[in-house]
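S.K.: Listed here are the chains, written in short residue letters.
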Amino acid sequence: DAKTTQPPSMDCAEGRAANLPCNHSTISGNEYVYWYRQIHSQGPQYIIHGLKNNETNEMASLIITEDRKSSTLILPHATLRDTAVYYCIVRVASNQGGKLIFGQGTELSVKP
Amino acid sequence: NAGVTQTPKFQVLKTGQSMTLQCAQDMNHEYMSWYRQDPGMGLRLIHYSVGAGITDQGEVPNGYNVSRSTTEDFPLRLLSAAPSQTSVYFCASSRTQGAGNTIYFGEGSWLTVV
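So the protein sequences, as listed, match chains V and R. Position 99, counted from 1, in the first sequence is what my numbering calls 430; the numbers after and before it change by one each time, with no gaps. Position 51, counted from 1, in the second sequence is what my numbering calls 59; the numbers after and before it change by one each time, with no gaps.
No lab work stands behind these hints: they were computed from the structure. Heads up, some of the hints might be wrong.
[To be verified] Mimicking DSBU-like on lysine-lysine, the simulated pairs with C-alpha atoms at most 35 angstroms apart in a straight line are:
hint, chain 1, residue 1, chain 2, residue 2
1, V, K383, V, K442
2, V, K442, V, K334
3, V, K334, V, K400
4, R, K17, V, K442
5, R, K17, V, K334
6, V, K383, V, K400
Keep in mind that this is a model prediction, so the values were computed, not measured.
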């Protein structure tokens, strides 16, 4: 059972920020939110993850609401190469096997 | 950095044949797993391992076997291939099963069963 809900598709203009939302209202306190992207059925590429606090790395920022029921992935300056399917995923706790539970993902199209 | 390596990249099988998809990682990761991805869908967990000698079933284990005799290798065996097993298979690993440890994926193995 997927623990996340994402819009099926989004568009973004090249050079603008892409904000990808995700709902995970049933997430447990020790489960992490991960974001991956997949281009043309290649292996999923790790982007970022977090537990409670907002996180930033060289690729993106992750904003998690205080109640942890939703989050937003921000690509600050989208390029055409960012066109991909983006997955918001919950990684369950180690006592449940530490599995990633994938949902359907958001297909992001970055347009010139 | 090799990371997670899968072989073969492409394979065509006849119904009833058996084969093994190989997965190796060079990061000394304890946790390894196999996923399958069908068209238009997210990945689904087949089997996983939290360390050498330990394996467990995921969401869709039927028709697949795994073993973990070494830390580095986690092969996936199809005992009697069926057309329903036509899919893209991804191997993944992380340092431990702890939820804060990043999982890294291989590039995938495309399997067609005719």
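S.K.: Hints first: check each against the structure and report whether it holds.
M.R.: Hints, verified against the model:
no.: 1; hint: V/K383 with V/K442; result: 32 angstroms, holds
no.: 2; hint: V/K442 with V/K334; result: 30 angstroms, holds
no.: 3; hint: V/K334 with V/K400; result: 10 angstroms, holds
no.: 4; hint: R/K17 with V/K442; result: 31 angstroms, holds
no.: 5; hint: R/K17 with V/K334; result: 30 angstroms, holds
no.: 6; hint: V/K383 with V/K400; result: 10 angstroms, holds
When each numbered hint is compared with the structure, no violation occurs for any of them.
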